[in-house]
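Student: Note that the protein sequences, when read in sequence, are chains A and B. In terms of our numbering, the first sequence is numbered consecutively and its last residue is 255. In terms of our numbering, the second sequence is numbered consecutively and its last residue is 1554.
Simulated from the structure, these hints should not be mistaken for lab results. Treat the hints with care, as some may be off.
Claimed, not checked - The calculated lysine-lysine pairs, modelled on DSSO-like cross-linking and capped at a C-alpha distance of 27 Å, are:
1) 1409(B) - 1419(B)
2) 1528(B) - 248(A)
3) 1409(B) - 134(A)
Just so we're clear, the structure is a prediction, and the values are computed from it rather than from any experiment.
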Amino acid sequence: MNIIFGIILILSTTLLIFSNPESVLSAMLSGGEKALNLTLKMVVVYAVWLGIFELMDRSGLSKKIAKLLRPCNKFLFGELPDSANDYMSLNISANLLGMSGATTPMGIKSVLELEKYPNTEYAIAMFFVINATSVQLIPSSVLALRTSMGSASPSDIILPTILATLVSSVVGVLLVKIFVKRKA
Amino acid sequence: MSGYFIPVLFFIILVFAFFKKVKPYDAFTQGAKSALPFAASIFPYLVSIFVMTELFEISGISDGVTAVVSPILKVFGIPKELTKLVLIKPFSGNGSLALLTEIFNTYGVDSYLARCACVIYGSSETVFYIAAVYFAGAKTKKLLTPIIISLVATFASCVFACFICLVV
């Protein structure tokens, strides 16, 4: 991340010094403003979902979901500590159901939990790649946009989209299996 | 149909909690409490990502890279009109949504390019954003391999998208 960030910042400021020096600070500030707006939105989304998750936790529902997904998790990640398995199961079910607001808090908790244990690099890498290539069953925002712009058949992109996200997930999982070393 | 999904899900969760004698108000409040520190811990990472994206766009790097990369992507069957979308998508969800709208306006909602753009948009995630957020509090610094893998996988789905839209 440091390398990418460094290169992009040095390159872009160098270019802007020659073309448009006034815009450097204003662009950075507007980036910060967007980040703040998003954070504010996220606080609310997190609050609601974390509230719901706490209910599921205390009632034992999340344990049940975790149990259900255990074989699938074992295939993808190998042996997992129980606590991490719980969070990851919730994250993956939220991913599958397309509840984008719910995936993030559980995702962060999963990574923090996994980090507490040794030799979980492989699981963390796999977990990240699965989230970054997530399987989304219904691309609702695109559908809404197509409908509002008067498409003749807004839904004809659903099947190709599902297939394409499957491609990215399968490629991602395979690449992790090949390139990231699994320590026992 | 999909409108019922979330309310029904919440209903099930609440009824289940009721039968398990969970105190719903206490539990919900307890959970919601961690939202603010959570978001606060992510904020600095988001600022960095957004500052980077903004500079990337405004400095003309993104146009430059687009021009250089276009012919390469063409080889993989990705039309040059979609190069920018493929490049921006890993950085910014909003940016790529704006591009998508632009493509709709320029080429028509039901054109091959527009359908292709939809599939590309819908099938990939904002990889850098996810990396920043998920690893906000993490000590792991070994992110390069997973990020590259995700980008390669995303690219594979873009190539696939352009192909499948020719067929369907």
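Student: Which numbered hints does this structure break?
Tutor: Per hint list: zero violations.
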